[in-house]
Amino acid sequence: MNIWKLELLRLIRTQRFVVLLAFFILFGFIGPLTAKYLPQILGSSISGGVKVLIPNPTPLDGISQYLKNALQLGIVVVVIVSAYSLAIDAKAGISIFYRTRIIQPLTLLLPRFIVITIAVLIAFIIGTLTATYETVTLLGSVLAKDISIGTFYICLYWIFCISVVLLATSLVRGLLASVGLSLGILIFLPILESFSAIKQWTPTILSESMTSLLAHQQTASYYFQSAILASILIICFVLLSAILIINREIE
Amino acid sequence: MILETHDLTKRYGSHFALHNVNLQISDRSIYGLVGPNGAGKTTLLSIIAGLRKQTSGNISQTIQRKEIAVCPDVPEFERWLTAYEVLELSANLMGVAKTKIEIENYLADAGLAESKDRKVGEFSRGMTQRLALASTIIGNPKLVILDEPCSALDPSGRAEVLDTISRMKDHTTVIFSTHILADVQRVCNYIGVLNKGELLHQGDLNSFLNENTNPIWNITLNDSIEQFMEKLNQAHWVIKAEALSQNKVQITGTSSDEVEINLIHLLSNLNLHIISIEPIDSDLEHAFLNLTQKETTQIK
Numbered sequence: 001m002n003i004w005k006l007e008l009l010r011l012i013r014t015q016r017f018v019v020l021l022a023f024f025i026l027f028g029f030i031g032p033l034t035a036k037y038l039p040q041i042l043g044s045s046i047s048g049g050v051k052v053l054i055p056n057p058t059p060l061d062g063i064s065q066y067l068k069n070a071l072q073l074g075i076v077v078v079v080i081v082s083a084y085s086l087a088i089d090a091k092a093g094i095s096i097f098y099r100t101r102i103i104q105p106l107t108l109l110l111p112r113f114i115v116i117t118i119a120v121l122i123a124f125i126i127g128t129l130t131a132t133y134e135t136v137t138l139l140g141s142v143l144a145k146d147i148s149i150g151t152f153y154i155c156l157y158w159i160f161c162i163s164v165v166l167l168a169t170s171l172v173r174g175l176l177a178s179v180g181l182s183l184g185i186l187i188f189l190p191i192l193e194s195f196s197a198i199k200q201w202t203p204t205i206l207s208e209s210m211t212s213l214l215a216h217q218q219t220a221s222y223y224f225q226s227a228i229l230a231s232i233l234i235i236c237f238v239l240l241s242a243i244l245i246i247n248r249e250i251e
Numbered sequence: 001m002i003l004e005t006h007d008l009t010k011r012y013g014s015h016f017a018l019h020n021v022n023l024q025i026s027d028r029s030i031y032g033l034v035g036p037n038g039a040g041k042t043t044l045l046s047i048i049a050g051l052r053k054q055t056s057g058n059i060s061q062t063i064q065r066k067e068i069a070v071c072p073d074v075p076e077f078e079r080w081l082t083a084y085e086v087l088e089l090s091a092n093l094m095g096v097a098k099t100k101i102e103i104e105n106y107l108a109d110a111g112l113a114e115s116k117d118r119k120v121g122e123f124s125r126g127m128t129q130r131l132a133l134a135s136t137i138i139g140n141p142k143l144v145i146l147d148e149p150c151s152a153l154d155p156s157g158r159a160e161v162l163d164t165i166s167r168m169k170d171h172t173t174v175i176f177s178t179h180i181l182a183d184v185q186r187v188c189n190y191i192g193v194l195n196k197g198e199l200l201h202q203g204d205l206n207s208f209l210n211e212n213t214n215p216i217w218n219i220t221l222n223d224s225i226e227q228f229m230e231k232l233n234q235a236h237w238v239i240k241a242e243a244l245s246q247n248k249v250q251i252t253g254t255s256s257d258e259v260e261i262n263l264i265h266l267l268s269n270l271n272l273h274i275i276s277i278e279p280i281d282s283d284l285e286h287a288f289l290n291l292t293q294k295e296t297t298q299i300k
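Line by line, the protein sequences give chains D and E. Residue numbering for the first sequence follows our numbering, beginning at 1 and increasing consecutively. Residue numbering for the second sequence follows our numbering, beginning at 1 and increasing consecutively.
By construction, these hints were calculated from the structure, which means they are not laboratory data. Incorrect hints may appear among the rest.
Simulated coverage check for chain D against chain E, where a stretch passes if three residues somewhere in it have a Cβ under 8 Å from a Cβ of chain E [said to hold, decoys possible]: (1) 25-36; (2) 64-70; (3) 174-188.
Ranges of calculated distance between the beta carbons of each label pair, as one might list FRET restraints [claimed, not checked]: (4) E:Glu104 x D:Leu138: 52 to 58 Å; (5) E:Arg11 x D:Gln72: 28 to 34 Å; (6) E:Glu122 x D:Ser221: 53 to 59 Å; (7) E:Glu102 x D:Thr107: 23 to 29 Å; (8) E:Lys53 x D:Leu26: 43 to 49 Å; (9) E:Ile63 x D:Leu106: 22 to 28 Å; (10) E:Glu122 x D:Thr107: 45 to 51 Å.
Because the structure is a prediction, the values reported are computed rather than measured. Quick reminder that beta carbons are idealized off the backbone N, C-alpha and C, glycines included.
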């Protein structure tokens, strides 16, 4: 058994892939469904002569509803699931097993990082396909090109998020501390978007790309800068993590 | 020497976990590193294994780091792997190819043949410890570091592990830390005594016992022991003389040489009839206590 097979087994036997898949598929179904039937749901719950005017749902509403849940709750799920895989020093005995057998830290880190990243991306893409199918069925067609470009940018955003988790696990040892630090960083980053001078460079704006493209508020090129910066940061975070981990003592 | 440390020091704030430790490990020796809890054994082994960094001093070794294998005092594995998969993975990560039969043989040697397909998460502490030892030696390392390998084992498990360690001495070097001195006496040929971060002694185990224990002899006579006891109590080479029966005496001497020379003279001068003279084996526990007490007295 090599280290890549080990990571695949980790994903399958710990049910982490099932959790990710179930989460994104569930919201892929629920999102467009909620958008479609929201007027009826609200209408049935309001009485006493109050009239609520809700515009007819559009295909954009279906996708937006999915992304809202998939990104807001999804960030918590992705951080927790990936921290479990990436926190190599959380348990001293297991850490000693790997670190006395694998001398190069990247040999240990990269398979973990790549496998959990691919799992998150597959789950997200399947969730997006589910939401798109449901939206087209219930609310009308959407532009495949906008969905594809948006999916690409959001996948880059997920890779960035997982690299933040990797960095956090190399800065702190425990699992809870890693999850807390990662969420702290990822919640703080959108605050930078309020500074207009750097907004276009912040990796977090990639998460809005699909809805903005579908709503024709932005073009694909608007996200180039943040995509480039996110890619550079991903590489830097992985390398920095390797350096931090090789210099960290095992108690 | 396969590995030497030179003035190795590890400091946590103002506390010295290790202080100028000069360890010398000969090739194909079984080196018992003994010391009370908190002596610095795990810290020293962790530095040798590359898991911690020394504050000062250095290590010279004739082997590569990948040829050193470590078995920690509390081993852990991924709970969702089977025992077979742990050994398969360990061999792969250590860069050695092992066939299915070879891996199963390692499991059988560790007493885990029937548990090979069980998840490690279901294992008892003793089973985990035996699996850890198997996963350490499966890569044919040149230096094996075992930190308290018997700490979680029952007497039969402990005996199996000690036998495994004994068998290693023909093809590998072992550093074996423990506070169970009987285990060291059973399998080691070299000893290092660590106390409060300082290496008080290291060298051949038998020399250590001779230097740090007072020899004990049982003498059985075919005569009354009264006159003999009187003379023993006056002799400069006797620390303690105790009558075990009407014709049997136990003496604790100052050194083996002095007892061997003077005892025969005394018996001859008193014209006593001897039934037996029996040396009692030196005990590592006494030697260890003697050494650490000497050190404490010197500090006072």
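A quick look at each hint next to the structure:
1. 25-36: violated (count 0)
2. 64-70: The restraint on the stretch 64-70 of chain D is violated, since only 0 of its residues have a Cβ under 8 Å from chain E and three are required.
3. 174-188: That given contact is violated, which follows from only 0 residues of the stretch 174-188 of chain D lying within Cβ reach (below 8 Å) of chain E.
4. E:Glu104 x D:Leu138: 52 to 58 Å: 57 Å Cβ-Cβ, so the 52 to 58 Å window holds.
5. E:Arg11 x D:Gln72: 28 to 34 Å: Violated, since Arg11 (chain E) and Gln72 (chain D) (Cβ atoms, about 48 Å apart) do not stay within the stated range.
6. E:Glu122 x D:Ser221: 53 to 59 Å: With a Cβ separation near 56 Å, Glu122 (chain E) and Ser221 (chain D) satisfy 53 to 59 Å, so the hint holds.
7. E:Glu102 x D:Thr107: 23 to 29 Å: 24 Å, holds
8. E:Lys53 x D:Leu26: 43 to 49 Å: The hinted range 43 to 49 Å holds for Lys53 (chain E) and Leu26 (chain D), with Cβ atoms some 47 Å apart.
9. E:Ile63 x D:Leu106: 22 to 28 Å: For Leu106 (chain D) against Ile63 (chain E), whose Cβ atoms are near 24 Å apart, the range 22 to 28 Å holds.
10. E:Glu122 x D:Thr107: 45 to 51 Å: Roughly 29 Å apart at Cβ, these two residues miss the hinted range, so it is violated.
Of the numbered hints listed earlier, those contradicted by the structure are 1, 2, 3, 5 and 10.
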